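> Letter by letter, the chains look like this.
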Amino acid sequence: MMMQDAGGEWALEVEDLTVAYADQPVLWDVDLQVPVGVKMAIIGPNGAGKSTLVKAAMGLVRPVAGEVRIFGQPRTSAQGQIAYVPQRATLSWDFPTDVLDVVTMGTYGRLGWFHRSGAAQRRQAEAALEQVGMTAFLKRPIAELSGGQQQRVLLARALVQDAPINILDEPFQGVDAPTERAIIGVLDGLAEEGKTIIVVHHDLQTVPEYFDFVLLLNVRAIDSGPVSDVFAEENLRLTFGGRVGVLEIRETDL
Amino acid sequence: MDFFGDYTLRLVALGSAVLGATSGALGSFAYLRRQSLLGDAVSHAALPGIALAFLFTGSKAPLVLMVGAGLAGWIGTLVVRAVVGRSRVPFDSALGIVLSVFFGLGLVLLTYIQKRPSAAQAGLDSFLFGQAASLLRRDVVTMTVLATAVLVVLVMLWKEFKLLSFDPDFASSLGLPIRRLDGLLTLLLVVAIVIGLQTVGVVLMSAMIVAPAAAARQWSRRLAPMVFLAAMIGVFSGVTGSVMSSTVPRLPTGPTIVLVLSAVVVVSLMLAPRRGLVWRFLRLGRLLRAPDLDPVLMHLFALSLQHPGDPDHGHSIAVLRTMSPGGADVGAALEGLADRGLARATGDGLWAPTAIGRREAERVLEREVES
Chain V
137 MMMQDAGGEW ALEVEDLTVA YADQPVLWDV DLQVPVGVKM AIIGPNGAGK STLVKAAMGL
197 VRPVAGEVRI FGQPRTSAQG QIAYVPQRAT LSWDFPTDVL DVVTMGTYGR LGWFHRSGAA
257 QRRQAEAALE QVGMTAFLKR PIAELSGGQQ QRVLLARALV QDAPINILDE PFQGVDAPTE
317 RAIIGVLDGL AEEGKTIIVV HHDLQTVPEY FDFVLLLNVR AIDSGPVSDV FAEENLRLTF
377 GGRVGVLEIR ETDL
Chain E
371 MDFFGDYTLR LVALGSAVLG ATSGALGSFA YLRRQSLLGD AVSHAALPGI ALAFLFTGSK
431 APLVLMVGAG LAGWIGTLVV RAVVGRSRVP FDSALGIVLS VFFGLGLVLL TYIQKRPSAA
491 QAGLDSFLFG QAASLLRRDV VTMTVLATAV LVVLVMLWKE FKLLSFDPDF ASSLGLPIRR
551 LDGLLTLLLV VAIVIGLQTV GVVLMSAMIV APAAAARQWS RRLAPMVFLA AMIGVFSGVT
611 GSVMSSTVPR LPTGPTIVLV LSAVVVVSLM LAPRRGLVWR FLRLGRLLRA PDLDPVLMHL
671 FALSLQHPGD PDHGHSIAVL RTMSPGGADV GAALEGLADR GLARATGDGL WAPTAIGRRE
731 AERVLEREVE S
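Just so you know, the protein sequences line up as chains V and E, in that order. Using this note's numbering, you'd call the opening residue of the first sequence number 137 and step up by one each time. Using this note's numbering, you'd call the opening residue of the second sequence number 371 and step up by one each time.
Hints were generated in silico from the structure; no laboratory data involved. Remember, predicted model here, so these are calculated numbers, not experimental data. Ideal placement from N, C-alpha and C gives every residue a C-beta, glycine not left out. It cannot be assumed that every hint is accurate.
Each pair of labels, with its calculated beta carbon distance range [unchecked claim]:
| id | chain 1 | residue 1 | chain 2 | residue 2 | range |
| --- | --- | --- | --- | --- | --- |
| 1 | V | 329 | E | 632 | 54 to 60 Å |
| 2 | V | 272 | E | 466 | 45 to 51 Å |
| 3 | E | 470 | V | 171 | 53 to 59 Å |
| 4 | V | 228 | E | 504 | 37 to 43 Å |
| 5 | E | 716 | V | 272 | 27 to 33 Å |
| 6 | E | 454 | V | 272 | 41 to 47 Å |
| 7 | E | 738 | V | 210 | 54 to 60 Å |
| 8 | V | 215 | E | 522 | 26 to 32 Å |
Rough simulated footprint, nothing fancy, chain V against chain E, three-plus residues with beta-carbon under 8 Å [to be verified]:
| id | segment |
| --- | --- |
| 9 | 523 to 531 |
| 10 | 578 to 591 |
Far from chain V, by Cβ distances over 12 Å, these chain E residues were calculated [as the list claims (entries may be wrong)]:
| id | residue |
| --- | --- |
| 11 | 377 |
| 12 | 428 |
| 13 | 484 |
| 14 | 621 |
| 15 | 622 |
| 16 | 709 |
Assemble the whole structure, with the sequences as input and the hints as a guide.
See the structure below:
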């Protein structure tokens, strides 16, 4: 609903995006159009710039060139439109805080400067934790969580934001099977509400099952579109180069 | 005389409490952001600032010297950032370079000042190791005003600073200006350091940043209690150390405070629940003494496979003992399995795996097959 009001058929548009670290280009002239309401996977080998692309989309890294538009608007005016789940391993899990507090951080964007979170924010956080099945761990210090539990907490924090676009960076990395199913369940629920989901993903096998839209990325955007059109052997070969082993597994599967 | 002594002591105690509270609170954030060494660079870099402020103004007013110290310390952090950003020198090396260059410059300037034929420079060298007894009323007033300002800003921007410290990328995705927040938090740290320089000295001031935070972290599970406790540890060590050095002649304040602090840190690292060494040692002992549950569960599972239609069929503990190696405490292992809901007693000395226990055994088998 809300997204159609915001205008434009693309949730996220990336145009001519180039990002470099030092002198090394990480993304080269990437174009991408993400339709509203898709579940999109970003697929590519290590060092393909997958995380950099989503970070550039949110303005966390500064591009050398290019433009990002969110619902047709330049990115700067689109604050609060994206809920972000960073890669679990990039956080310091020894930070002195507990599960409820981390999830409450998802409300900070709406709270604004100088305001403190209160009972309303706590209720939102508890509801999100219930969705990911973590109600029993409200007061658990985050240092004492398993990898799967950490991922659920980060997902709950994104749910609290209630944003039309959800970007998740490698949410299935190193989590147990129940957590993977729980995450998929939550993402399906978000998709049913018409929200757009963008996932940096590394497991080719599960792409057709979990996603309906895909971007194949290897510094350049190889191809993007509905999984049924784009997720084909030729494209994968272009994306992953000589790493045929990955492809052979797929072929025997099919 | 007695009154004068009391007054000085009260002044010293108040000044040290103020510096301990601010360095403990701001140090917690530096500690959690893994920037503890930045405090060391800032405090050493402040020395030439103090010397230059005196050379240019001829004044030893606390505000003049603190502004000089703060500016030099701030420039030090900018140089560190520039070196890291524009060269291949890593962060810790950049800190080392800035620290020694600025400190060396400060020592040269201090020597130059002391050789000048004037009495006005007396006391500047106490900035090296700190001299609590040299605190005057105007010093303590300035320290208190600055400390109040620092702590008020910290409380007002509490959730923003927490987010910046825990997950800066996420903070940025919410639209927070993290570069400016980062700059502001560093500025607060610089001010907290400047507040303590006269009392603790530039050489050991960084201990006031790192140590209270490290000790407080051992005892706390949330940020607010940690910051509060670090501030209290700072107050305690600051007051104890500077009162001791004010009453014993020729005892430099910085080293005394640091010795008190070190004692607090050692006690915390040893005794804190869950994180302390003693606690971990005890827990390790419990783990080592605990009977090995897995093999007994596997034996029980193997026996239960003999009776596929009767999952509740009890198996004698005597049989399980013959299946296990000599020293194993099969009885304790069965109790342990029962605690975890994996096995249950079906009669006197008879045991059967529960449904959960059978699933767990199957999982262990799968794992072994895989590996």
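> Of the numbered hints stated previously, which ones are contradicted by the structure, given in increasing order?
Those not satisfied: there are none.
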